[in-house]
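Using the sequences and the hints, build the whole thing.
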Amino acid sequence: MVEGDVITVEQLVKRFGALAAVDGLDLTVRAGEVHGFLGPNGAGKSTTIRVLLGLYRASAGRVRVLGLDPATQAAQVTRRTSYVPGEVSLWPNLTGQEVLDALAGLRGHRDVAAERRLIGEFALDPRKVVRTYSKGNRQKVILVAAFAARTELLVLDEPTSGLDPLMEELFQHCVRDAAAAGRTVLLSSHILAEAEQLCDTVTIIKDGRLVESGRLVDMRHLAASEVTARLRDDQAIAVVEGLRSIGFPDPPPASPDLRLAVPRQQVPAVLGLLAEVDARDITCTPAKLEDLFLRHYAVAAR
Amino acid sequence: MNLLRLTRLMLRRHRLLIISWLVLLIGLTGATVSAYQSTYATPEQRRIATELARANPATNLLYGELADPGTPALMFGWEIGAFATVLAAVMAVLVATAVTRAAEDDGTLELVRSCGIDPRVPLRAASTVLLVVAAALTLGCATALGLSVGHVDAVTWPGAVAFGAVLGLTFLLVGVLTVVLGQVAPTAAGTRVLGFAAVGAAFAVRALADTQHVAWLNWWTPLGLRATVRPFTGTRWWVVGACAVVVLVLARLAGTLSGRREYRAGLVRRRDRRGGRLNVHSTVQLAGRLARSSVLSWTLGVAGIGTLFAAMGSDVTRQSRDGDLGGFLGAQLGDADPVAGYFAYLGTVVGILVASYAVVSVLSSRRDEEAGLTDQILATGTRRWAPLAAQVAVTALGSGVMLVVTGVLGMLVAPRFIDGEHVAVLAFTYVVGQWPAVTAAAGWTAVLAGRWPRATWLAWTPLVASSVLALLGPLLDIPQNVRDLGVFQHVPDVTAPDPSIASLLVLLVLAGTAVVLGAVGTTRRDIITG
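Same order as they appear, the protein sequences are chains A and B. According to this note's numbering, the stretch in the first sequence is residues 1 to 302, in order. According to this note's numbering, the stretch in the second sequence is residues 1 to 530, in order.
A few of these clues could be false.
Only some residues are given here: those of chain B computed to face chain A with a beta carbon under 7 Å [claimed, not checked]:
1. Asp272
2. Gly275
3. Arg277
4. Val280
5. His281
6. Leu286
7. Ala371
8. Gly372
9. Leu373
10. Ala379
11. Thr380
12. Thr382
13. Arg384
14. Asp526
15. Ile527
Sample of chain B residues lacking proximity to chain A, with all beta carbon distances greater than 12 Å (derived) [stated by the list, open to error]:
16. Arg15
17. Glu51
18. Ala67
19. Leu94
20. Val121
21. Ala198
22. Leu250
23. Ser258
24. Arg261
25. Gly304
26. Val404
27. Pro462
28. Leu469
29. Leu485
30. Gly512
Taking lysine to aspartate or glutamate pairs in the DMTMM-like style, the calculated list, with each CA pair at most 20 Å apart, reads [stated by the list, open to error]:
31. A/Lys135 with B/Glu110
32. A/Lys135 with B/Asp105
33. A/Lys135 with B/Glu104
If you are wondering where the hints come from, they were derived from the structure by calculation, not from laboratory data. Please read these numbers as outputs of a predicted model, since none were measured by experiment. We treat Cβ as the ideally placed atom computed from N, Cα and C, and that holds for glycine.
In C-alpha cells, the structure reads:
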C-alpha cells in the first residue's frame, strides 16, 4: 500500500491539435480516500483519466500515480489499478464469464470468492454472450472485474450511467467496502448527489481547468438548493420582506410562483419562513452540478 | 421521399467502400482490354490459343468456356471477365451486408427507424443502393470498354454494354441474394459468411457446368452470366430482363422474410448462453482465442480453393509442355518447367488470399482500439505495444496454419492428377513459401496500425499493387524488375539446382523490422478513441 498521495497531478496540459482538453490541472488524491472528480460533459475528466492510466501522453505537467510516471511505466501503474470506462465495450462473442477470465488472466491475479459474490449481488448472468447484454449488464461485468481484482487504486469514469437505482445503491456499497479495505478510489461523475454520498474530497473541473478542490464538507457553500413554493399575493410580499431580513440581499420580486436558489446554510431559514407564511407546494431540490457551474461562471464573468 | 433520403444517407455513409470497389473493377476492365489485341497479334496465334483454351479443363474451370471465334474481345470477356465477375460478387456481399445487417448490428438502423420511417423502407433503400451501384458498375465498365471500340478487334459498343450489364447483374443478383441470406443469418458476420459461401457455390456450379459441359447449369448461377448473356457474340438481351425478374422476386422474398423476424435477430437463432471458461494468461492467448473462428473459416476457404486448383492442373501442364498456352494463364506459367510454373501460379493465388487475411486481421487491432477494447487490455497492466504485437503474432501463426493445411492437401491431391517429378514437393513448397510474403503484408499493416492508425486503409495499396504485378504483370507487359517489387513471386523452384531463398529472407527481415517499428510506434502516440 502506498502512503500519502496516490495520485499527484501538477499543471497537467493535454492538447489535441489546437484544442487544450486539459489546461493546467492540479489534482491530488490521498491514499485510502474516495475522491470525486466532477465536471460537466466535455470538461476533460476522461482525458485526465486516460493520462493517469498512460493511454494518453501528457502535453505538459507532472503526473504520478502510485508513485510512478504513467507515461513511462503505464503497465506497472495499471497492474495495480482497476479501471471502469464510461462507455464499456467488450468482446461481443465472449460470454461475461469469459471476459472476466480474460481480464483477470491478463492481470495475473484475482479474488475468486469476491468475484463470485459480486456476480450474485449484481444479479449478472455470466453465461450469456456479451452481444446480448444491455449497457447496464456490460457495465456490471466490468464493475465485477474492477472490484474483484486485487488492486490498490480504482479509477471509475462515470461508472453508474447505465445502472438502475437498485444497482446504483449496490455500487455505492461496493465503493464504501473498497475504501474500508484501504483501497483508493477516484470517482468521476457529473452527478453531484452521487459524489456527495460517497466522496471525502472532490475536485471540480470545467473546460479542462480546476474550478474548486478540497474536502466536501468545506465545499458545501458551493452547493445551493432550489426552493420553490406557490404563494398568495399577500404571502408573496411577506416572503420578500422575510428573505431580506434573513440576509438575502437581492430577493426576487413578489410573485405567486416562488423560485429561489438558496445557499445550503440558509435553507432551514428559508424553509422556516415559507412554513411560517403557510405557503403551498413547497419543494427543496439540492442543486445539480450543472447549475452550480452555471452560477459559478456567471459570477466569475461579472 | 424517405426512401430517397435514406438511400442517399446509405450511399453517403458507405461511399469509400463503394467507390474503392468501383475504381478497382472499372480500372481492371479499362486497363486490360487493349492487352488482348497485342498478346495475340496474329489470327494464327489466336487460333492456336483458342483451340488450346477450349480443350482445357483447367482454364474451363477458372474462366469458363471460350466462345467462338475467340476474338480479342471474347478472350477479354473470358479471362478478365472471370476475375471481374468474382470480384463483383465479393463486392456485392460486402456492400449488401454493410447496408442491411451491419447497420442493424451497429445500432444505426435503430436510430433511422425511430425517426418515423416505415419499417419496410430501410430494406427498400438498401435495395435501391444495390441498384444504383449496379447501374454505376454497368455504365462505368461499359464506358471503360467502349473507349477501346475500334482499337481492339470485335469490341463494339453493344458488346461493351452487354459486358458491363453482366458485371452489374452479377453484382445485383449476389447482392439481393445476400440481403435474403441476411434475413436468415443471426448476425452481420454470419451474413457475410453465408454470402461468401453462396459465391463459392455459384463458382462451383459454374465450374461444373464448364468443365463437364453441362451448359444448362450455367443458367442457375450468377457467375454463369457471361455464358448466358454472351457479350461480344450473339448477345441474348432477354436474359438481362429475366435477371431483373429474378432480382425482383428475391427482393420481394427478402421483404417477406424481414417481416417475419425480430430486429437484430435472423430467422436462425444463435446460441446465446454457454458455460465455458477462458484460460488466458497473455495477450497472445487472448488474441488467439478471439481469432479462432475467423482462422477456421479462412482455412476452409483457402484450402478448398487450393485443392480445387491442385486437382485441376493435369491438362495445363500437358499443354504447357506441348507449346504455347498463351494469354493470361500462359503468361503466368512462363517458360520454366510447366509443373513448377503451375504451382507457382497456384501459390501466388493462395498467397494473395492469405495476405488479404493478414491485412484484415492486423487491421482488427485498430478497430479494437477505436472501440475501447484495447483500453480494457492495457488497463490490466499490459505493455502498450503488446496488443498489436499479439495480433501480429496470431496473424502470422494463423496464416501459417492456412498455408500448411493448403500445402499438405495440395501435396496429397496433386500427385493423383498431375504427372511429373516432384509434384508433391512443388505443391507444398510453392504454397508454404508464400509465408514470408504474407508476414510482409502483416508487417506493413502493423506499421500503419502502430504509428499512423488513421491511415490504416493504405494497407490495401501494396496488396493490390502486388496482386496486379503478379497476376496482370505479364499481360500488361510490365518489366520484370518492376514486377519483382511485388511480394508474391519470390518463391524459388526447390527442385531446380541452387534454389535461392535470398528474397524470401529479405521479405522476412522487412516484415520483422516493420512489426518492431509498428510496436514502437504505439508507444509514441495516444490511444485512439472512437
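> Is it the case that B/Ala67 keeps its Cβ farther than 12 Å from each residue Cβ in chain A?
Replying inline: Its Cβ never comes within 12 Å of chain A, the nearest being 47 Å, so this holds.
> Going by Cβ atoms, does B/Ser258 stay more than 12 Å from chain A at every point?
Replying inline: Per Cβ check, B/Ser258 is outside 12 Å of chain A; nearest 20 Å; holds.
>> Against the 20 Å threshold, does the CA-CA distance of A/Lys135 and B/Glu104 hold or violate the hint?
In response: The given pair, whose Cα atoms are some 17 Å apart, holds under the 20 Å limit.
> At a threshold of 7 Å, is the proposed contact between B/Leu286 and chain A supported by beta-carbon distances?
Replying inline: At about 5 Å, which falls below the 7 Å cut-off, the nearest Cβ of chain A leaves the hint on B/Leu286 intact, so it holds.
>> Confirm or reject: B/Val121 is not an interface residue toward chain A, with every Cβ-Cβ distance exceeding 12 Å.
In response: Nearest chain A Cβ is 26 Å from B/Val121, so the label holds.
>> For B/Gly304, is the shortest CB-to-CB distance to chain A above 12 Å, so the non-interface label stands?
In response: holds, 24 Å
> Does the no-contact call for B/Leu485 survive, Cβ to all of chain A over 12 Å?
Replying inline: holds, 36 Å
> Hey, does B/Arg15 actually stay past 12 Å from chain A on C-beta?
Replying inline: holds, 25 Å
> Holds or violated: is there a CB of chain A closer than 7 Å to the CB of B/Thr382?
Replying inline: It holds, given that the least Cβ distance between B/Thr382 and chain A is near 6 Å, below 7 Å.
> Given B/Val280 as an interface hint, is the shortest Cβ-Cβ distance to chain A below 7 Å?
Replying inline: Because about 4 Å separates B/Val280 from the closest Cβ in chain A, which is inside the 7 Å limit, the hint holds.
>> Just to be careful: measuring from the Cβ of B/Arg277 to every Cβ in chain A, is the smallest value less than 7 Å?
In response: Interface hint status for B/Arg277: holds (5 Å vs cutoff 7 Å).
> Hey, does the B/Asp526 contact hint survive, CB to chain A under 7 Å?
Replying inline: Status holds, d = 5 Å.
When the structure is compared with the earlier hints, no violation turns up for any of them.
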